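Undergrad: Residues per chain, in single letters:
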Amino acid sequence: MSTGIESWNVDLTTIGPMYPFVGTETILVLVAVGAWLLWHIVQARIEAREVEAEAAKTADAAFLRKALDNNVEQR
Amino acid sequence: MENQLEALTIIFTEVYYWITVVLMFLIHVGFCMYEVGASRSKHMLHTLMKNTMLIPLVTITFYFFGWWLYFAMQNGPGIIPGGLISAPWATPWSELMGAHLGGEPVQANLNAEDTMAWAHINGVFWAAFLLFSWTAASILSGAVIERIRSGAFWILAVLIGSFCWIIDAAWGWSADGWMVQKLGYHDAYASGVIHAIAGGFALGVLIHLGARIGKFAADGTPRTIRPHNPWLVTVGLFLIYTGFWGFYVACNIPILDVGEAAGMDGSFFATTNIYLAPTSTSAITFNFLMSLSGGMLVGYLVSKGDAFWTYSLGLAGVIGASAGNDLYHPIQAMFIGGGAAIVAYKMHFWVERRFKIDDAVGAVAVHGYAGFYGVVVAGFMLWGYPASMNPEYASITPWGQFAGALIMFVVLGFIPGYVAAGILKACGRLRIPASVELAGLDIGEDLAVRADVEAVHVAEVRAASVMKIEDDG
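Read top to bottom, the protein sequences are chains A and B. Under the working numbering, the first residue of the first sequence carries the number 1, and numbering increases by one thereafter. Under the working numbering, the first residue of the second sequence carries the number 1, and numbering increases by one thereafter.
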């Protein structure tokens, strides 16, 4: 039993794909594309929450002035 | 070299490994930057020199005995029959450990076959393995910053770099090592043989070393000790990524005729892994990039976009897929890399909270836990694959890989690190005094130049006031 190659002691010119689970390529691509899209959705939601929280804090004029002063000092 | 094709093959192989050494140098530039950036300013120079001096120390000890251990210890010795294996090209007094043109040997324990085989390869092969040795020691270096004595670290660096890892390579990262023969151990790009062992070793050391002052609150809550330069840390990690390319290709043999080993009538030239089984540079290029991407994408989400952890978990992704990256499909490598990121991140903080282990840069997690995971995952993904061109050797199995991971992380990693650090601690030589840690490890250098700094300042002030009097006429 093997997930892919069972032996290297064969005519090596007959070996094509070396990766395990040959035949699952399409499923892999579909799952990977889904994971990629899901990443963007999750990231966008997290970022929206964070930006909202930061915007609420920086709406305070005193806080914003202090942040600007810090930026000037760092320059 | 009797004909031009043979000469081209040999000299190409020689130059190939030389290039990998140059690329792998970048790993160490990266480690220096990353550790200096991660430490607080008061410890910078000491941190830099601690990491820097492992280079000459591991180099000379690898020359003295490390290279010989790789060949001599493949049977254990005493684990499978055969005892210590003779390796006259690798002893430090061998004529083949110097400039050699490949002709008749002068020393009686060598023959013409030895000189022909090793004259052009020995130096570059030794150097490629040496850079892996530096890497094993550098992994420890980051975990122990800001409180370890340099001398203690350098002893530990020689132990992991020129002794422990090279024995694990003899056992599980060679064509005929006993772990390959009996367990079917497969670890093409060193998830276990470099990363898990170094992470396990670091964990053993950290238990004795203890946490930095202020790391844990009275109730045991860990505090974040911020790097003094986060930009330097991340650029350092980026350089480690770059050098890692050299590591990957150095793990391969660029061109080898595997036809005879496969039982074929004619030749079959291929790039092979360290076990002399076929792979390709194209395959590892796909898989390196996809496993890096999987690690970074998952790392970004689990760490909430933290720069240090995103870069570190990208590395964990590559490490987690490395055991089988010679064979995986790229999308498999991507998901395996993503899984490694979760394992490394969650385990780091769990161990930190539960056991009060202060790993300053997450080295045990990124290398140790991700490396262990990588070896185990390969046992399932590559179940039934031959571990070798030799059909009598075991094939890859989940239990063989799990046993191998335990040997790497615990037997050759954690235990030696724990014992050696314990001895150094008992001798009072492991950690710097608390007052020095508080003042900063660079306090010695600061005190040495303070008088000069003040005198220069006084001279400048005097010069400035004289100029003013002249200006005022």
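To be clear, the hints were calculated from the coordinates, so they are not data collected in a lab. Note that the coordinates shown come from a computational prediction; the quantities given were computed from them, not determined experimentally. There's no promise every hint is true.
As the list claims (entries may be wrong) - Covered stretches of chain B (in silico footprint by chain A; criterion: 3 or more residues with CB under 8 Å from a CB of chain A, positions within the stretch not fixed):
| hint | region |
| --- | --- |
| 1 | 273-279 |
| 2 | 433-447 |
Said to hold, decoys possible - Label pairs and their in silico Cβ distance ranges:
| hint | chain 1 | residue 1 | chain 2 | residue 2 | range |
| --- | --- | --- | --- | --- | --- |
| 3 | A | 29 | B | 238 | 47 to 53 Å |
| 4 | A | 29 | B | 432 | 33 to 39 Å |
| 5 | A | 1 | B | 22 | 40 to 46 Å |
| 6 | B | 306 | A | 16 | 38 to 44 Å |
| 7 | A | 61 | B | 306 | 54 to 60 Å |
| 8 | B | 224 | A | 37 | 56 to 62 Å |
| 9 | A | 46 | B | 221 | 20 to 26 Å |
| 10 | B | 11 | A | 38 | 45 to 51 Å |
| 11 | A | 36 | B | 306 | 17 to 23 Å |
| 12 | B | 221 | A | 10 | 37 to 43 Å |
| 13 | A | 69 | B | 216 | 51 to 57 Å |
| 14 | A | 46 | B | 85 | 52 to 58 Å |
| 15 | A | 37 | B | 102 | 53 to 59 Å |
For glycine and all other residues, C-beta sits at the position ideal for the given N, C-alpha and C.
Undergrad: For each hint, tell me whether it holds in the structure or not.
TA: Outcome of the hint check:
no.	hint	in the structure
1	273-279	holds (count 3)
2	433-447	violated (count 0)
3	A:29 - B:238: 47 to 53 Å	29 Å, violated
4	A:29 - B:432: 33 to 39 Å	54 Å, violated
5	A:1 - B:22: 40 to 46 Å	43 Å, holds
6	B:306 - A:16: 38 to 44 Å	42 Å, holds
7	A:61 - B:306: 54 to 60 Å	30 Å, violated
8	B:224 - A:37: 56 to 62 Å	33 Å, violated
9	A:46 - B:221: 20 to 26 Å	25 Å, holds
10	B:11 - A:38: 45 to 51 Å	50 Å, holds
11	A:36 - B:306: 17 to 23 Å	21 Å, holds
12	B:221 - A:10: 37 to 43 Å	59 Å, violated
13	A:69 - B:216: 51 to 57 Å	34 Å, violated
14	A:46 - B:85: 52 to 58 Å	55 Å, holds
15	A:37 - B:102: 53 to 59 Å	58 Å, holds
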